[in-house]
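Chemist: For the protein sequence lines, the chains are B and E, in the order given.
Using UniProt numbering, read the first sequence as starting at 1 and increasing by one per residue.
Using UniProt numbering, read the second sequence as starting at 1 and increasing by one per residue.
Calculated from the structure, these hints are not laboratory results.
Accuracy of the hints is not assured; some may be wrong.
[Unchecked claim] Only some residues are given here: those of chain B computed to face chain E with a beta carbon under 8 Å:
| # | residue |
| --- | --- |
| 1 | D31 |
| 2 | T35 |
| 3 | N103 |
| 4 | L107 |
| 5 | M120 |
Note that the Cβ used here is the ideal one computed from N, Cα and C, for glycine as well.
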Amino acid sequence: MSTFDVTNIKLYEDLASHMNHQSEHFRILGDADMTMVFAVQTPDKTLHFQLVFSELRCDAVDLVPADEAHMADFSLVGSVESWSDMFDDIYANGGASGPWTINSLALRGDRISCEGNDPMGLDKFSRFNQTLQDFLDGAGRLDLIRSQP
Amino acid sequence: MPKLTEAESNNAIADRLPAMTPMGQPLDWAWLRGAPSEWGVRPKPSARGLTMSDIAIGTYGEVPEQAQRRSMAGRGSTVEGDAPDMGYILNKKSDVWSDNVRELYEEAVARQWSATRDIPWNELPELPSDIEHAVCQVFTTLAEIEMIAADLPAKWMWRMNHDYLEAKMFLCTQIMDEARHTEVFRKRALSNGGGLLYSRSSGESLLRSILEAKTYTQATALLHLLGEGFILDIFRMGELIAPSHVEKKIFRMAMQDEARHVAYGTMHLRYAVENDPDVAEEIHEALDHGELLLTTFGTNADFGSALAYLLGGGEEHIEDKGFPLQMEMQRHQFTSYLSRCERAGISRLERTKLPLDLLGIDVSKIRGTSATAA
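If we strip away everything but chain B, and leave its shape as in the complex, we get:
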């Protein structure tokens, strides 16, 4: 049983909140401007959680329909199990361990893939990769996140 409910928008809102409380940490990495989607495949449907990053913040988290999700710079697509395993690894290790970084996962593409129509949008996955990783690594501080006002 995973620590995280990856089908619940609250998880992504909590991660965004955590990021928005850590501006000094993210300032070291620099501004990041991208719109990306976490696509979570359940047996019935795919949930598209769209996140808008601007400067040092994650400004918006929304559950969007599939046709809107295509307009993002890129989508990270994986099953509930894959996303849960990734977040569990982050939680267990305080940050993603080697094979569970988002870049490792997307590179292999067998569990989580990075998809998009525009190579320039896809390249933003590379341009802002460390910011995205540190955003996800916020799940390693779940207790802290959940205790924040």
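Place chain E on chain B using the hints.
Modeler: Frame of chain B; chain E shown alone:
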């Protein structure tokens, strides 16, 4: 007494000021009287501060298709008299511009990092000797080739008309990025009891070919689109190549920089082709040659074998894991490259001599990238 306008007030001050210095040299107060250039602009800072896009307002934001002067005078300033010709040969916007260049400049400035401070050097684990040798060979080659992406912009920047200063400023950040990459790769080769290993002619031939490109647009096709695109994918593969989290972080940080350079190159080529379709053939000719050299480089004896060794995790799995992963990496590299060519408006699918079938490239996924990416 009626209140003076700002201009009248400044003129009155200028009239009262001395015409000569105490040493007898003539003084010119024309700047105080005003100039034909646009006065009174007041760009508003955006939330992140005052960006280059914020100040691209009014006539200051108008980037001419054809530069009228060849001086270093700032775009929008009033130029009087004969300024010396600086020898610029890239005097058209389509020679150097990309529509994302201001954004990329700001991004580059905001996302600088330090190879000294931001890499956890004291956490480098002791590695088996064979793995350390492979790591050192990979970083020897990377340290060698990274500086080409500094040398090449430097070779062309002083030939770029100053009206396109944003493009020049972005290339300055690229030069800094490449200095940092050379630094971080060299530091890694030396930092764990190893050192620099082999440099061979295949790599040098590729570098020389890029450096000797006849035009800047050919040079940027070879460097930004082809060369850096390939290196970007190697950095992405760093997650699988790197034996420890230290090298992984090195690759991830360098990857972010490299992706900016590729983004500039892709969109510059697109701008160039859209505004001067004749350059398409020039770009194709460069890429015909470059693809051949890059294929040779990618399979060269030192870098290629060291990569396969690390991808396999050592001797035991080099054949059943290392080489297959290397093939997978090449498939990914060529797919990304061909997709970016589509995006740049210079489709290579009908022209390339690359063995697409042998590489396992799905052309149907690449075709039409530009159409869906508008």
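Chemist: Take the hints in turn and mark each one as holding or not.
Modeler: Okay, the hints, checked on the actual structure:
Annotation: interface hint on D31 (chain B) holds; nearest CB of chain E at approximately 4 Å, less than 8 Å. Among the interface hints, the one on T35 (chain B) is violated; its C-beta lies about 14 Å from the nearest C-beta in chain E, farther than the 8 Å criterion. At about 5 Å, the closest approach between the beta carbon of N103 (chain B) and any beta carbon in chain E falls short of 8 Å, and the interface hint on this residue holds. Below 8 Å, beta-carbon pairs count as interface contacts, and L107 (chain B) has one with chain E at about 6 Å; its hint therefore holds.
With a cut of 8 Å, the hint placing M120 (chain B) at the interface with chain E holds, because the nearest CB-to-CB distance is about 6 Å.
Consistency note: the structure conflicts with earlier hint 2 alone.
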